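Visitor: Dock chain B against the given chain A, drawing on the hints supplied.
Now for the letters of each chain:
2 protein chains.
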Amino acid sequence: MNSQFIQDTPAALVDVVRMQANIDRMQQRMNQLGVRLRPHVKTSKSVEVALRQSRAGAQGVTVSTLKEAQEFFEAGFRDILYAVGIVPSKLDRALSLIRKGCDLKLITDNVAAAQAISAFGQEHGHDFNVWIEVDTDGHRSGVQPESDLLLEVASALSAPGAHVGGVMTHAGASYGFDTPQDLAKIAAQEAAGATKAAQRLREAGFPCPEVSIGSTPTALSYQQLQGVTEVRAGVYVFFDLVMHNIGVCTKEEIALSVLTTVIGHQPEKGWVIVDAGWMAMSRDRGTAQQKHDYGYGQVCDQDGNVLEGYIMVGANQEHGILANAGSPDQDIVSKFPIGTVLRILPNHACATAAQYPDYLALMPDGTTEKWQRFYGW
Amino acid sequence: MNSQFIQDTPAALVDVVRMQANIDRMQQRMNQLGVRLRPHVKTSKSVEVALRQSRAGAQGVTVSTLKEAQEFFEAGFRDILYAVGIVPSKLDRALSLIRKGCDLKLITDNVAAAQAISAFGQEHGHDFNVWIEVDTDGHRSGVQPESDLLLEVASALSAPGAHVGGVMTHAGASYGFDTPQDLAKIAAQEAAGATKAAQRLREAGFPCPEVSIGSTPTALSYQQLQGVTEVRAGVYVFFDLVMHNIGVCTKEEIALSVLTTVIGHQPEKGWVIVDAGWMAMSRDRGTAQQKHDYGYGQVCDQDGNVLEGYIMVGANQEHGILANAGSPDQDIVSKFPIGTVLRILPNHACATAAQYPDYLALMPDGTTEKWQRFYGW
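Here the protein sequences line up with chains A and B, keeping their order.
Going by numbering that gives the first Met the number 0, 297 is the number at position 298 of the first sequence; the sequence numbering is gapless.
Going by numbering that gives the first Met the number 0, 321 is the number at position 322 of the second sequence; the sequence numbering is gapless.
Hint data in this document are derived by calculation from the structure and do not stem from the laboratory.
In this text, all values refer to a predicted model and were calculated from it rather than measured experimentally.
Be a bit skeptical, because a hint or two may be false.
What the hints assert, rightly or not - When the alpha-carbon atoms are kept at most 25 Å apart in a straight line, the in silico DSS-like pairs for lysine-lysine are as follows:
| no. | chain 1 | residue 1 | chain 2 | residue 2 |
| --- | --- | --- | --- | --- |
| 1 | B | LYS99 | A | LYS268 |
| 2 | A | LYS369 | B | LYS66 |
| 3 | A | LYS369 | A | LYS250 |
| 4 | A | LYS290 | A | LYS184 |
| 5 | A | LYS334 | A | LYS268 |
| 6 | A | LYS369 | A | LYS66 |
| 7 | A | LYS66 | B | LYS369 |
| 8 | A | LYS250 | A | LYS195 |
| 9 | B | LYS195 | B | LYS184 |
| 10 | B | LYS66 | B | LYS99 |
| 11 | B | LYS268 | A | LYS195 |
Said to hold, decoys possible - In silico contact screen, one side only, chain B against chain A (beta carbon under 8 Å); selected entries:
| no. | residue |
| --- | --- |
| 12 | ASP7 |
| 13 | THR64 |
| 14 | VAL86 |
| 15 | ALA203 |
| 16 | ASP274 |
| 17 | MET278 |
| 18 | ASP283 |
| 19 | VAL305 |
| 20 | CYS349 |
| 21 | GLY375 |
Unchecked claim - Distance ranges between label pairs, derived from CB positions:
| no. | chain 1 | residue 1 | chain 2 | residue 2 | range |
| --- | --- | --- | --- | --- | --- |
| 22 | A | ASP330 | B | ARG92 | 28 to 34 Å |
| 23 | B | THR249 | A | GLU202 | 40 to 46 Å |
| 24 | B | GLY308 | A | GLN27 | 47 to 53 Å |
| 25 | B | LYS334 | A | PHE373 | 33 to 39 Å |
| 26 | B | LYS369 | A | SER95 | 17 to 23 Å |
Built from N, CA and C at the ideal position, the CB exists for glycine as well.
Here chain A stands alone, though its shape is the one from the complex (with noise of 0.2 Å):
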C-alpha cells in the first residue's frame, strides 16, 4: 500500500476486489433468479461504487434520502426509487428533480400521504409514481398485504396527479437470524406478502407493475421469485459483522476495513491504543445482540489477515481500545509497537462508511485511490 496514505488514519479502507467478488455474486444470483437488482446505494452513498453496481448489470438505484437522490441523478443515474416514505413537505423537492428528467418514484404506506401526493400532483400538473409499501415481517412500516388499507391507499393515489407503480417491501427482520432455514422461510415470506399485495391491487383495478423486495440477508436466500419484478440490497457490496454473524458471508469477504495506528498501550490491562474511536467505526454495536459479540470491530493486520480473538473493546470518540477477548496480552507492546498499522472490521458497514468524507480503495493493482463520498439529507 502507498505509504502516503497510510499516514492518514482513521481511513475507510474499501478493498476493491473484495467488493467487486461481492458485487457480481449478487449480480448473479438476480441474473440465476430472473429479477433486475436495484441497489441501496445509501450503504456506499458512493457514485465510483454505484457504477461497479450498475456495470455489473444493476438497474437502477435505492435511495434512502433525496440527498442521495439528488447526488446520483447529477452523476447520470435516472431511474431512482425513494424507499422512505415521502414527507408532503418535501413533494416539491421531489418534483423539482424529476421536471429535471430525474425518474423518481416514491413510497408511502398511508392515506394521508397519499392524498397529499395525488394532491400536489394534481396542482402542478405532474403524475407521481408512487409505490406502495408492504409490511411482510412486521419490524417498521408498510400496510399489511391483506389488508383495506391497502386498497385505501391505492385509491388515494389514483386521483389524478398519482398512480400505484408497484408495491415494495423489506423483510429488515431478517437481520434477526443467522441459519439458512429461518432466511429461507423469511425470504420466502417477504416475496409472497409483496407478490400477493400487487395480486389484490390488480384484481382491484389497479396495475400495479412492479414488486420489489429486498434485504442482503434475504437476497442471498431466495429460493425462487416468481411474481417478483426486481430486488433490492445494499450492505453486501461491503458485507461486515452483522452480516458474518447472519451467516451471508466470511470474514474474508468484507471489503470495507478501517486503517489505524498504534498510539499507545495499557501493558498491565492488555490494552492497545489506536486512532480509530467510534467517530472512525461508528458507534454501532450490532453484534451485541448476535452469536458472537465482536465489540467495536474484528482487528486485522495492515494486509487485512484477521487476527483471531482481537477486537475493539471499547471506543471513546478518536480513541480505540483493542484488546484479546479471551485473556489479556502480557506482550501487548511488542506484538503491537506504536506506529503498527491495522485494519479493523466493522459492525455495519453503513454506519462505519457514512463517517467519512471519502473512501481509500485499494485496488486491484495495490495502488490506492479516493473516492468521494457525501452525507447530509
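Guide: Relative to chain A, chain B alone:
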C-alpha cells in the same frame, strides 16, 4: 421558526439561547475557580460555536484530530491542544501547522512516541511543546502520576527537539457516576492526580508550567483547583441526555436536538414513524446503561417542549420509531398526524452532531441560520 427550513428534516437544530446559557454557566464557574477554560471543540466542530465560547472568555481550544487543528487554526484560533496521543507518522502534518504559526501542543504517554517526537524535532530544527498524558481514573490512556514511567517519558522529551510543556488528564470515568458526591470525588481525584504528576516532574527538574484537566461532569463538580492552570470540557456547550442522567443539566438546557417529520404510523403498536433514524441521531445508545434509558432520544414538540414518556424506541438508517415508553398509545395517529414536526433530544451530542454537514441555528430572535461544521480527519 422559518417554515422553509422545517421542510428540510432531519436537521441538527441548535437552540442558541440555550447554548449561550451553557457557555456562560461553564465560563463563570471557571472564572470563579480561577482557571482558564479551553473548550473541546470536537463536540461542535463549528467555528460559529467556538467563537461564542471565545467571546465568553475561553482561551484556546482543545481538538481531537489534526483536521480540527487545521480548521480552527485557519479560522483564527492559534492556541491549540491536540489531546490525542500523537502518532509519529503525523508529526510532519503537526509541524507544518506549527510552521504556519499555530501554537500547537502535542501529547503522549509513552517513551517510544516521546523519542520519536524528540528525534523528529531535532531533525527538523523544532522544539515541540509536549504535554504528558496522565491517567487519573484508569479509563483509557495515560501514565500513572506516581509511576517511574512519568519521569521516563519526560526524559525522552527533554532531549533536543521537544520539551515538557505540561501534564494533562481527562477523567472520562466521571461519565459512570450520577450523584454530586461521587462526581465531586472523581473531580477531586482528577485534579489531585494531575497536580501530583506536575509536582513530581518539577521536583525532577522539568518545568511543567501547565496542568490541564477536565471533562464536562468533573468541570461542573470541582470544589477548588489549586495548582491547576486550565480546564477542558466539550459537551457542556450543547449538553445531552447522558449528561442529564449524570445530573449536570436539565432536559430544558439541552441545546441540540434533531428536527424530524412524521412519515407514518403503526397504530396497533402505538408507533409513530419519523424521517430521523440512526443516521440522524447516531447509533449512540449512551443512556442504555444509565438510570433512565431514552432509547435513541427524548421526543419534544416542534418548539422544544418535552413530551414526557415519548422516546425513540427504535431506529433504522432513515426511519425512527417513536412510542410511549410506558403503555402503547391508542390514538397515536391523531396525536401525531402525518407531517407533524418534532424535536428529538439526543443521547450524546458529540455523536449526533457528527452526522450533519451543518447546524440549523435557531437564533434568539426566532430566525434561523445555517452554521457549517466539518468532519473527517
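Visitor: Would you mind marking each hint as holding or not holding in the structure?
Guide: Do the hints match the structure? See the list:
1. B:LYS99 x A:LYS268: Not OK: B:LYS99 and A:LYS268 at ~40 Å, beyond 25 Å, violated.
2. A:LYS369 x B:LYS66: 17 Å, holds
3. A:LYS369 x A:LYS250: Answer holds: A:LYS369 to A:LYS250 is near 24 Å, not above 25 Å.
4. A:LYS290 x A:LYS184: Distance of about 20 Å is within 25 Å: holds.
5. A:LYS334 x A:LYS268: OK: A:LYS334 and A:LYS268 at ~14 Å, within 25 Å.
6. A:LYS369 x A:LYS66: Roughly 21 Å between the alpha carbons, so the hint for A:LYS369 and A:LYS66 holds.
7. A:LYS66 x B:LYS369: 17 Å, holds
8. A:LYS250 x A:LYS195: 36 Å, violated
9. B:LYS195 x B:LYS184: OK: B:LYS195 and B:LYS184 at ~16 Å, within 25 Å.
10. B:LYS66 x B:LYS99: 15 Å, holds
11. B:LYS268 x A:LYS195: 23 Å, holds
12. ASP7: 7 Å, holds
13. THR64: This hint holds: B:THR64 lies near chain A, its Cβ roughly 6 Å from the closest one there, short of 8 Å.
14. VAL86: 5 Å, holds
15. ALA203: 22 Å, violated
16. ASP274: 6 Å, holds
17. MET278: Check passed: Cβ of B:MET278 comes within 6 Å of chain A, closer than 8 Å.
18. ASP283: Holds - the Cβ of B:ASP283 comes within 8 Å of chain A, reaching about 4 Å at its closest.
19. VAL305: 23 Å, violated
20. CYS349: Holds - the Cβ of B:CYS349 comes within 8 Å of chain A, reaching about 6 Å at its closest.
21. GLY375: 4 Å, holds
22. A:ASP330 x B:ARG92: 28 to 34 Å: Holds - the Cβ-Cβ distance for A:ASP330 and B:ARG92, about 31 Å, lies within 28 to 34 Å.
23. B:THR249 x A:GLU202: 40 to 46 Å: 57 Å, violated
24. B:GLY308 x A:GLN27: 47 to 53 Å: Hint holds: Cβ distance 50 Å, inside 47 to 53 Å.
25. B:LYS334 x A:PHE373: 33 to 39 Å: 35 Å, holds
26. B:LYS369 x A:SER95: 17 to 23 Å: With a Cβ separation near 20 Å, B:LYS369 and A:SER95 satisfy 17 to 23 Å, so the hint holds.
In this structure, the hints that do not hold are numbers 1, 8, 15, 19, 23, in rising order.
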